Amino acid sequence: DAKTTQPPSMDCAEGRAANLPCNHSTISGNEYVYWYRQVHSQGPQYIIHGLKNNETNEMASLIITEDRKSSTLILPHATLRDTAVYYCIVSAGAGSYQLTFGKGTKLSVIP
Amino acid sequence: DTEVTQTPKHLVMGMTNKKSLKCEQHMGHRAMYWYKQKAKKPPELMFVYSYEKLSINESVPSRFSPECPNSSLLNLHLHALQPEDSALYLCASSPRTGITSYNSPLHFGNGTRLTVT
Chain A
17 DAKTTQPPSM DCAEGRAANL PCNHSTISGN EYVYWYRQVH SQGPQYIIHG LKNNETNEMA
77 SLIITEDRKS STLILPHATL RDTAVYYCIV SAGAGSYQLT FGKGTKLSVI P
Chain B
264 DTEVTQTPKH LVMGMTNKKS LKCEQHMGHR AMYWYKQKAK KPPELMFVYS YEKLSINESV
324 PSRFSPECPN SSLLNLHLHA LQPEDSALYL CASSPRTGIT SYNSPLHFGN GTRLTVT
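Chains as they are written, first to last, in this note's numbering: chain A, 17 to 127; chain B, 264 to 380.
I should point out that these hints are in silico values taken from the structure, not numbers from a laboratory. On a predicted model such as this, the values are computed, not experimentally measured, just so you know. All C-beta atoms in this analysis are idealised placements derived from N, C-alpha and C, irrespective of residue type, glycine included. Treat the hints with caution; some may be incorrect.
BS3-like, lysine-lysine: derived pairs with alpha carbons at most 25 angstroms apart [stated by the list, open to error]:
1) A:19 / A:119
2) B:285 / B:316
3) A:19 / B:303
4) B:281 / A:119
5) B:301 / B:282
6) B:303 / A:122
7) B:301 / A:122
8) A:19 / A:68
9) A:119 / B:301
10) A:19 / B:282
11) A:19 / B:272
12) B:272 / B:282
13) B:301 / B:285
14) B:303 / B:272
15) B:272 / B:304
16) B:282 / B:316
17) A:122 / B:304
18) B:303 / A:119
19) B:316 / B:281
20) A:68 / A:119
21) A:19 / A:122
22) A:19 / A:85
Computed from the model, here is a short list of chain A residues facing chain B with C-beta under 10 angstroms [stated by the list, open to error]:
23) 35
24) 61
25) 62
26) 63
27) 117
28) 118
According to the in silico footprint, chain A covers these stretches of chain B (three or more CB under 8 angstroms from chain A) [as the list claims (entries may be wrong)]:
29) 278 to 286
30) 306 to 315
One chain only, chain B, in its complex shape:
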């Protein structure tokens, strides 16, 4: 069992749909992350939120829109996706980010497997 909960577990959407992925943690962590993982590839960082503010955007296309409404929740809003966006989307959290966070390993959820048709 993981302490980071992601919903839904699976999502199929068309290219014209709008959908959202949800991530929740109740460990009091103040940093939250979105990663994207294609089949047989390592996870790739998309976004980082630190204290509910977006601190890192790894040049992600605007069809992916993150939101952090509070310190426990992280959403990823999806619009006009392409079939190549099909992947496992992983959420993670850690107590904090930055140079002092060496004792703060990331806690990952089990992901949302997204298929774009």
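If we strip away everything but chain A, and leave its shape as in the complex, we get:
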């Protein structure tokens, strides 16, 4: 079973920030939070990952709560090309059997 819970769908207006939540209340101390997204008919794309500190890269920001039981992925200025399914995954490494995809959140960016 996936270790994360995400809302099945969200809408966001183009140009606004998209905030995608993820609950991972059973996360272990050595497990990281990873975010991937999948545009229709393409393979998943890595976005960002973190352990306990907030992280930012050119694509997004990741905010992890102090107790590490939840996180939020932030796309600061959503565009139509950000419409995709976003997967939040907890794993102790990129390895294999621990990288289990949950159902994800379908983000629709609206013009």
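Once you've looked at the hints, dock chain B against the given chain A.
Only chain B this time, still in chain A's reference frame:
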């Protein structure tokens, strides 16, 4: 564009056919993965190769046979498939696997869409 190349993009095969899916990466990654994705479902892990050796088989039926001839290539040989095996088959790679690989996100190809008739 993805750095993991999968061929063919589409494949239609009968239940008695034998076919192969191919995956190639030239990033020097030493771990390669096969995932299966049914429509409107998340990807499911099938196999993991680490340093050209099969390290994980997620109880996949024997009609799916993986092969890793070298560190850049990964094949999935298909034989006697069923219509319910129709899916998007995704290949991925990462520099390494295991507990020290936390900074090694997976790089995915765009998949082969397989239809079994």
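Kindly indicate which numbered hints from before are broken by the structure, ordering the numbers from low to high. 4, 10, 11, 23 and 29
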